[in-house]
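Trainee: Below, each chain spelled out in residue letters.
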Amino acid sequence: MTHRLSESTQSGRSASRDGITSLDAAGFEARVMQGHGPIAVEFMSYSCAHCGAMEPVLQEVAETLRSREPIFRVNVAIELDLAATYEIEGTPTLIMFSEGREVGRSEGPDPDAATVLEAVTAPFGLQ
Amino acid sequence: MMDSATNAGAPARQATPILLFDDECAVCRRMAHWVRGVARNALGEQTIDVRPIGEDPEVLRKLDPRLDIWQVYAKSHLLMPDGSLLIAGEAVAEVLRRSPGMAWCAWLFSVQIFKLRPFQSLLDLGYVILSDVRPIFGCKSCGAPALWARPFVWLVKTTKRLTGPKSHAAHRPNFTPLAATGDVKPRPPAPPAP
Chain A
0 MTHRLSESTQ
10 SGRSASRDGI
20 TSLDAAGFEA
30 RVMQGHGPIA
40 VEFMSYSCAH
50 CGAMEPVLQE
60 VAETLRSREP
70 IFRVNVAIEL
80 DLAATYEIEG
90 TPTLIMFSEG
100 REVGRSEGPD
110 PDAATVLEAV
120 TAPFGLQ
Chain B
0 MMDSATNAGA
10 PARQATPILL
20 FDDECAVCRR
30 MAHWVRGVAR
40 NALGEQTIDV
50 RPIGEDPEVL
60 RKLDPRLDIW
70 QVYAKSHLLM
80 PDGSLLIAGE
90 AVAEVLRRSP
100 GMAWCAWLFS
110 VQIFKLRPFQ
120 SLLDLGYVIL
130 SDVRPIFGCK
140 SCGAPALWAR
150 PFVWLVKTTK
160 RLTGPKSHAA
170 HRPNFTPLAA
180 TGDVKPRPPA
190 PPAP
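Chains as they are written, first to last, in numbering that gives the first Met the number 0: chain A, 0 to 126; chain B, 0 to 193.
Hints were generated in silico from the structure; no laboratory data involved.
Any given hint could be a false lead.
Unchecked claim - Quick list of in silico lysine to aspartate or glutamate cross-link-like pairs, DMTMM-like style, CA-CA up to 20 Å:
id, chain 1, residue 1, chain 2, residue 2
1, B, LYS159, B, ASP131
2, B, LYS139, A, GLU88
3, B, LYS139, A, ASP109
4, B, LYS156, B, ASP131
5, B, LYS74, B, ASP123
6, B, LYS61, A, GLU106
7, B, LYS139, B, ASP48
8, B, LYS139, A, GLU106
9, B, LYS61, B, ASP48
10, B, LYS61, B, GLU44
Sequences and hints are given; from them, build the entire structure.
Mentor: Take a look at the structure:
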């Protein structure tokens with residue numbers, strides 16, 4: 000049986016359905032450091048399979064939270080300085096920010112919606 | 000048998016197929032190196048363009064809008080000059096067909112018996128098995144091994160831990176240490192105190 004094209008195009012993770020905005024250093028400064036209210040940032044890398052497993056879960060959580068808490072992603076393979084600044088030891092690492100300050104962190108959470116939702120909302124008491 | 004679907008409106012194609020491989024996975028790097036060695040014509044020119052996937056989803060989409068970076072990291076993708084896309088075992092079979100040194104065995108994968116391709120099915124199975132056991136061979140970015148492979152991975156890791164150098168790093172099952180992917184960068188020195 001031939002693997003059809005749909006295998007890579009019907010993953011449900013296409014850019015058009017991406018509820019998580021990717022940030023570079025300038026975007027991080029503008030959206031996270033200068034941002035207000037609860038914010039979650041996933042430090043990730045596309046080559047990390049754990050991040051691949053986390054991706055659909057995080058999309059689901061982003062959809063659940065919508066405007067209450069925006070979720071961003073930072074690619075540590077590209078944004079090396081941000082990774083060093085926040086002492087990222089591995090991926091995925093979720094860091095929660097409030098008024099530009101780190102208020103919580105979760106390293107390698109189980110890739111299920113309840114765990115991730117708890118991780119990104121607990122520091123703000125949103126649940 | 001090749002996938003005959005083409006991608007209308009895609010960017011201009013190059014003459015050789017493009018094989019995308021995971022540059023962070025030691026097993027995949029070795030495979031890519033091997034393909035570069037065997038996929039050469041009589042003039043010594045590459046018959047397959049072997050490229051690392053990289054970290055930019057946009058670069059991949061420019062190559063072909065159907066390429067989803069997560070999917071490309073999950074399975075081998077071979078982008079053909081006619082715009083078709085071969086994935087996993089199909090990609091491997093086509094790589095062998097286009098490698099003069101391996102053409103002697105590549106014909107097997109096209110053999111059909113009662114509309115089935117038994118050798119291609121075996122190749123597909125072999126691909127899945129190798130993909131699942133990559134952590135045994137040192138791929139720390141490949142994620143959690145499949146359920147069936149976990150006892151083997153555990154056995155290999157335990158043996159290495161008992162016989163190799165001691166490590167005090169805590170094991171976290173859903174976490175890829177940056178040192179494993181080469182993405183680590185030393186922290187800049189702290190500024191001197193005033």
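Trainee: None of the hints should be skipped; say for each whether it holds.
Mentor: Taking the hints in turn, this is what the structure says about them:
1. B:LYS159 - B:ASP131: 19 Å, holds
2. B:LYS139 - A:GLU88: 14 Å, holds
3. B:LYS139 - A:ASP109: 17 Å, holds
4. B:LYS156 - B:ASP131: The given pair, whose Cα atoms are some 15 Å apart, holds under the 20 Å limit.
5. B:LYS74 - B:ASP123: 11 Å, holds
6. B:LYS61 - A:GLU106: Given that 20 Å is the threshold and the Cα spacing comes to 33 Å, the pair is violated.
7. B:LYS139 - B:ASP48: 26 Å, violated
8. B:LYS139 - A:GLU106: 16 Å, holds
9. B:LYS61 - B:ASP48: Holds: LYS61 of chain B and ASP48 of chain B sit about 16 Å apart, inside 20 Å.
10. B:LYS61 - B:GLU44: 25 Å, violated
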